[in-house]
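The task is simple: from the sequences and hints, build the whole structure.
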Amino acid sequence: MRPIIEYCTNNSGFGTDDIMNKLKENYDCEVYEYGCLTGCGMCYLSPYALFDGDTVEAETAEQLYDLIVKKIKEKEQNQAKE
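With the numbering used here, letter number 13 in the sequence shown gets 13, and the count goes up by one each step, no holes.
The set of hints was computed from the structure by calculation and includes no laboratory data. Bear in mind that the values here come from a model prediction, so they are computed numbers and not experimental data. Any given hint could turn out to be false.
Below 25 Å or equal to it, Euclidean Cα-Cα: the simulated DSS-like pairs (lysine-lysine) are [said to hold, decoys possible]:
(1) 73 with 24
(2) 24 with 71
(3) 75 with 24
(4) 70 with 22
(5) 22 with 71
(6) 24 with 70
Shown next, in the form of structure tokens:
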């Protein structure tokens, strides 16, 4: 199953929209943009996204990208073992 990555448009000030576009172009994943992820203010604190429903956050958008890529690769490895 393809990873599902969700992000908040209010978080795009950190550059999350750019990294979500990179993820769409470079990985087999589903990326969804929402006006709000009901994180109650998280979008104003740091770059974050939901990866298969779990919150992933980092200090910069590029660090967030790297964390998501790592999670994608881990998921692919786990699926290959099954």
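Hints versus structure:
Between residue 73 and residue 24 the CA atoms are separated by roughly 15 Å; this keeps the pair inside 25 Å, and the hint holds. Distance check on the hinted pair: residue 24 and residue 71 sit about 15 Å apart at the alpha-carbon level, within 25 Å; holds. In summary, the hint linking residue 75 to residue 24 is supported, as the alpha carbons are separated by about 16 Å, within the 25 Å threshold. Restraint check: the Cα-Cα separation between residue 70 and residue 22 comes to about 14 Å, which is no more than 25 Å; the hinted pair holds.
At most 25 Å may separate the alpha-carbon atoms for a hinted pair to count; residue 22 and residue 71 meet this at roughly 15 Å. Simply put, residue 24 and residue 70 have alpha-carbon atoms about 15 Å apart, close enough for the 25 Å limit, and the pair holds.
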